[in-house]
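Number of protein chains: 2
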Amino acid sequence: VEWREDQTYDGVRERLFVVARGERQVPGLLWTPAGQPSPRPLVLVGHGAGGSKRQDYVVALARRFVHRRSVAVAAIDGPIHGDRRADPEASVGLTFLEFSQMWAADPEMTDQMVADWRAVLDQLTTLADVGPGPIGYWGLSMGTILGLPLVAAETRIVVAVLGLMGLTGPTRGRLEKDAPAVSCPVLFLSQRNDELFSLASSLELFDALGSADKRLHLQLGRHGQVPVEEFEASERFVARHLTG
Amino acid sequence: VEWREDQTYDGVRERLFVVARGERQVPGLLWTPAGQPSPRPLVLVGHGAGGSKRQDYVVALARRFVHRRSVAVAAIDGPIHGDRRADPEASVGLTFLEFSQMWAADPEMTDQMVADWRAVLDQLTTLADVGPGPIGYWGLSMGTILGLPLVAAETRIVVAVLGLMGLTGPTRGRLEKDAPAVSCPVLFLSQRNDELFSLASSLELFDALGSADKRLHLQLGRHGQVPVEEFEASERFVARHLTG
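Protein chains in written order, with the numbering used here: chain A, 1 to 244; chain B, 1 to 244.
Extracted from the complex, chain A is given alone in its bound form (with noise of 0.2 Å):
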């Protein structure tokens, strides 16, 4: 791992980094509360198509991690997102059409995402301040398209937040056999009025996951509003697992 940056602002230390896997270079951030070198939990968080790992919400939901629970968090560039481009300024359609390209045409992608998650994981367990775990995963949409695989596969991984995703699309094959080896518990998050994904392959989503503790909150809004609310919800829920 290669640490590039590193800076505090109010009481949140975030670094930058970029763990080497053969040739592929996976950027990330990690945020840890200030001068406490003692391990803690940690939350992955992965982020929706279109948005990279410095996107608001990613920035926001990690903070308010550290600040109010006092664990790690740490994002990392999906595919062909953020540092992760030639051009990481690229407008978010752009990068949503390229993603939704690569969906249909790499049967790679999951599988190198996952790996990805696992090499970064792998290096932060290390730190003095991170330690051993337990770990949480949040992703909704494209965190959910990728990083339900990961929970599935990933047996640090002992509470997961998921959502605005359906028994759908490119690798709805993929999500249909990783669902029902999810088994940590699940708090699924959907949006009642989600214009890219049914409520009911939502249901399928959600009925499939093997977990025998999982809940889903049904919101308002389109595919992209989901409400403070949630956001406090799945804070609440994360912590009361990780942090008892």
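To be clear, the hints were calculated from the coordinates, so they are not data collected in a lab.
Treat the numbers as computed from the prediction; the structure is a model and nothing was measured.
For every residue, glycine included, the Cβ atom is placed at its ideal position computed from N, Cα and C.
Wrong hints could be hidden among the right ones.
[To be verified] Label-pair distances were calculated between CB atoms; the ranges are: (1) A:Asp56 x B:Pro39: 52 to 58 Å; (2) B:Ala105 x A:Thr243: 51 to 57 Å; (3) B:Asp106 x A:Ser70: 56 to 62 Å; (4) A:Ala86 x B:Arg68: 32 to 38 Å; (5) A:Gly131 x B:Ala34: 43 to 49 Å; (6) B:Leu97 x A:Asp207: 29 to 35 Å; (7) B:Asp106 x A:Asp56: 52 to 58 Å; (8) A:Asp122 x B:Arg68: 51 to 57 Å; (9) A:Pro39 x B:Ala60: 34 to 40 Å; (10) B:Asp106 x A:Ala104: 29 to 35 Å; (11) A:Asp207 x B:Ala34: 44 to 50 Å; (12) B:Gly221 x A:Arg68: 25 to 31 Å.
[Claimed, not checked] Computed, partial: chain A to chain B, Cβ under 8 Å: (13) Lys214; (14) Arg215; (15) Leu216; (16) His217; (17) Leu218; (18) Leu220; (19) His223.
Given chain A, work out where chain B should sit, using these hints.
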């Protein structure tokens, strides 16, 4: 209103009352913080079929609202439930059976219960330790069958917890008519394995609610297995709208 019993335990005062409305006697319980004679918000709790104003979860919910939120709580017996019966010790099964028949056979049942609640509300809001409101409503299953029309009619009610019910049953038409008139914030609770009312009909009722601010929480388990998590979430939700 006639006050019958008055006892205080662990900081919570519990008063048994009977409100006369024409020939009808409406028995209820009022819980308030002991020794705090100032006005406070009031939460009305409508119990489920087969239960009563005294059943375990109603009393537990009421005492928790008083303890943690310092609001007042009132519950009244539903039609042919509790002290409205000649045999108040009748089994849950017999009471449930008789309610089911009344639901099918008595077209006045909903209007009578709405009028009972409003008569009780008129009385309780004159008390020094309750006052004019704001008012919340909390009722699942029969508490929604009979409570949704109350919430639709009563502008003093500013927040409601409803659920375990769908657009179905003998009073389906009444629910269909009244749901669009509900305009306050609503938390709607559903159980994925509800053996009485389907998720599809529950979503129909949720969608029919007129409220611009509503959300549905779906949990695993059967009709009667609403988890503690949702009692806590509903308490938080109601308190947020009643006390800010």
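Quick rundown of the hints versus the structure:
1. A:Asp56 x B:Pro39: 52 to 58 Å: For Asp56 of chain A and Pro39 of chain B the Cβ distance comes to about 42 Å; the hint is violated.
2. B:Ala105 x A:Thr243: 51 to 57 Å: Cβ of Ala105 of chain B to Cβ of Thr243 of chain A: about 54 Å, so the range 51 to 57 Å holds.
3. B:Asp106 x A:Ser70: 56 to 62 Å: Distance hint for Asp106 of chain B, Ser70 of chain A holds at roughly 57 Å.
4. A:Ala86 x B:Arg68: 32 to 38 Å: violated (55 Å)
5. A:Gly131 x B:Ala34: 43 to 49 Å: holds (47 Å)
6. B:Leu97 x A:Asp207: 29 to 35 Å: Because 32 Å falls inside the window, the suggested range holds.
7. B:Asp106 x A:Asp56: 52 to 58 Å: Cβ of Asp106 of chain B to Cβ of Asp56 of chain A: about 55 Å, so the range 52 to 58 Å holds.
8. A:Asp122 x B:Arg68: 51 to 57 Å: violated (43 Å)
9. A:Pro39 x B:Ala60: 34 to 40 Å: This hint holds: roughly 38 Å between Cβ atoms.
10. B:Asp106 x A:Ala104: 29 to 35 Å: The hinted range 29 to 35 Å is violated for Asp106 of chain B and Ala104 of chain A, with Cβ atoms some 58 Å apart.
11. A:Asp207 x B:Ala34: 44 to 50 Å: holds (47 Å)
12. B:Gly221 x A:Arg68: 25 to 31 Å: Since Gly221 of chain B and Arg68 of chain A have Cβ atoms about 30 Å apart, the given range 25 to 31 Å holds.
13. Lys214: Status holds, d = 6 Å.
14. Arg215: Given a least distance of 5 Å, the restraint on Arg215 of chain A holds.
15. Leu216: holds (4 Å)
16. His217: holds (5 Å)
17. Leu218: holds (4 Å)
18. Leu220: holds (6 Å)
19. His223: violated (16 Å)
In this structure, the hints that do not hold are numbers 1, 4, 8, 10, 19, in rising order.
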